[in-house]
Amino acid sequence: MNQYDLVVVGSGPAGRRGAIQAAKLGKKVLVVEQGKRVGGVSVHTGTIPSKTLRETALNLTGWRERGFYGRAYRVKQEISAEDLRRRLLITLDHEVEVLEHQFARNRVQHIRGKASFIDPQTLQIVKEDGEIIQVSATSILLAVGTKPFRPDYIPFDGKTVLDSDELLEIEDLPRSLAVIGAGVIGIEYATIFSALDTQVTLIDPKSTMLDFIDKEIVEDFTYQLRDRNMKLHLGQKADKVERTPDGKCAITLDSGRVISCEMVLFAAGRMGATDSLNLAAAGLEADSRGRLSVNPETFQTTVPNIYAAGDVVGFPSLASTSMEQGRIAARVAVGAIAKEPPKFFPYGIYAVPEISTCGLTEEEVKERGIPYECGIARFRETSRGHIMGLDSGLLKLIFSLKTRRLLGVHIVGEGATELVHIGQAVLNLKGTVEYFVENTFNYPTLAEAYKIAGLDAGNRMGEITPKA
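To convert, note that position 289 of the sequence shown is 289 in the UniProt record's numbering; the numbers rise steadily by one, no gaps.
Bear in mind the hints are in silico, worked out from the structure with no lab data behind them. A few of these clues could be false.
Quick list of the computed label-pair ranges, beta carbon to beta carbon [stated by the list, open to error]:
1. 122 x 258: 52 to 62 Å
2. 223 x 159: 48 to 58 Å
3. 234 x 122: 42 to 52 Å
4. 119 x 215: 44 to 54 Å
5. 215 x 71: 44 to 54 Å
6. 442 x 102: 51 to 61 Å
7. 239 x 101: 41 to 51 Å
8. 69 x 159: 32 to 42 Å
9. 104 x 371: 50 to 60 Å
10. 285 x 257: 33 to 43 Å
11. 442 x 101: 49 to 59 Å
12. 315 x 136: 39 to 49 Å
13. 127 x 199: 43 to 53 Å
Below 27 Å or equal to it, Euclidean Cα-Cα: the simulated DSS-like pairs (lysine-lysine) are [said to hold, decoys possible]:
14. 51 x 215
15. 36 x 51
16. 248 x 206
17. 343 x 430
18. 343 x 24
19. 36 x 24
20. 402 x 430
21. 366 x 339
22. 343 x 248
Where is the CB? At the ideal position from N, CA and C, for every residue including glycine.
Produce the complete structure using the sequences and hints provided.
If you want it as structure tokens, here you go:
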């Protein structure tokens, strides 16, 4: 039996970051990955593929230049699924190469196979060739990620009715697409295909979407979706999905309405990929969605030497936060000091347009009874916005009237996921409205929107009265 200080199950963001952190501390580390290549869901079916697909779609359609050249403008007139896949494969090869190099230079061992518990410190690994080995570890980190939720009433066939993993393998781009599920994944794919000029219908039983995002940002985002003729059926449940004789699909809503489309994407949630781990042998139990409960500060499960991090522990299920969770879990697992991360982290939604947010929403500020003021900047007010041909997009800053400190930054529009980090830094450093008013930003840039929003809020808040 092979003995390790830490065995990591899964090589996604949480797994790889945790493994490398433990190795840097001089520990003997093994990573077990059941996929064909290292990287996990993030690299092969989740974060990297969806963002690559988005960037390819925006480039080939000329989406960013349509403000100047009109909606009919396209860089490539006929865009195929193969065009999208070609760039995706190049990106994935590069990601895997970088990750394998990171493992090699940090002396992290990795093996392909399916792991399951024998006891809390022992794992059985069934390798691809059928060989079965056992490994023992002082600590174990579960970073197995998630898989699409596939209910029985949806007739998945991998061609016309698909989950979000299967969508990457389509052979032809559909003329019409219905997306069931208005969560982050559903919205990202719905807007990407809309940018490809596919007629998209978005369906969700909830009457609202993205409830954790500032309401004003969601309203602006929703307006943009409707403006480009995306159909939103919120507050309506898909009761039945059927394939019709003409090769299309029919979705019957609980309102009685029937939606006809060429393809259906079911993106209503994901489940923790824990069903094959034999958790009971380790004294663990997952919830109804396959997720594990952990101490939010140490990521320790109810079994002291077993840790879990990443999407398998639930919200926020971001690659960025998963990496940090894996790093903290690994440090605790090998007995190193782990500092608590900064309070505020950014949330990015790679839809078209992007949404990114950090800190408190206006709704949360109201609930806490904090006197506040907001500053708004629209991208079309910036010179850079004019140069880029932007007619939409906004940045919203929320400040405390009492302390003048920044409480939240919320952005919808081009480059939102990059721009948010300025606000994130000011939030965590407890900066005030004066930072934005008094500092100089490069001109012309979209970052100048911070100064505009700061001035807008500052004008409403008034200047600080100097002490006598």
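These are the hints, each one checked on the structure:
Between residue 122 and residue 258 the beta carbons are some 54 Å apart, a value that agrees with the proposed interval 52 to 62 Å. Distance hint check: the CB atoms of residue 223 and residue 159 are about 34 Å apart, inconsistent with the given range 48 to 58 Å. A C-beta distance of roughly 48 Å is found between residue 234 and residue 122, which places it inside the suggested range of 42 to 52 Å. Between residue 119 and residue 215 the C-beta distance comes to about 49 Å, which sits within the given range of 44 to 54 Å.
Taken as a hint, the range 44 to 54 Å is violated for the pair residue 215 and residue 71, whose Cβ atoms sit roughly 29 Å apart. For the hinted restraint 51 to 61 Å between residue 442 and residue 102, the CB-CB distance of approximately 33 Å leaves it violated. The given range of 41 to 51 Å is respected by residue 239 and residue 101, whose C-beta atoms sit roughly 50 Å from each other. Distance hint check: the CB atoms of residue 69 and residue 159 are about 35 Å apart, consistent with the given range 32 to 42 Å.
At about 55 Å, the beta-carbon gap between residue 104 and residue 371 stays in the expected band of 50 to 60 Å. Hint check: residue 285 to residue 257, Cβ distance near 41 Å, so the stated range 33 to 43 Å holds. One distance hint, 49 to 59 Å for the beta-carbon pair residue 442 and residue 101, is violated here, with the actual separation near 34 Å. Separation of residue 315 from residue 136 is about 33 Å and departs from the stated range, judged on CB atoms against 39 to 49 Å.
Between residue 127 and residue 199 the C-beta distance comes to about 46 Å, which sits within the given range of 43 to 53 Å. Distance restraint check for residue 51 and residue 215: the Cα-Cα separation of roughly 24 Å lies within the 27 Å cut-off, and the hinted pair is therefore satisfied. The suggested pairing of residue 36 with residue 51 holds, with an alpha-carbon distance near 21 Å, which does not exceed 27 Å. At roughly 26 Å between alpha-carbon atoms, residue 248 and residue 206 fall within 27 Å of each other, so this suggested pair holds.
Annotation: proposed proximity of residue 343 to residue 430 holds, straight-line Cα distance about 11 Å (limit 27 Å). Between residue 343 and residue 24 the alpha-carbon distance is near 25 Å, which keeps this suggested pair within the 27 Å criterion. At roughly 26 Å between alpha-carbon atoms, residue 36 and residue 24 fall within 27 Å of each other, so this suggested pair holds. A threshold of 27 Å between alpha carbons decides the hint, and for residue 402 with residue 430 the separation of about 13 Å falls inside it, so the pair holds.
Pair hint residue 366 plus residue 339 does not hold up; C-alpha atoms about 31 Å apart against a cutoff of 27 Å. Only pairs whose Cα atoms come within 27 Å are accepted, and residue 343 paired with residue 248 is rejected, the gap being roughly 48 Å.
When the structure is compared with the earlier hints, violations turn up for hints 2, 5, 6, 11, 12, 21 and 22 and for no others.
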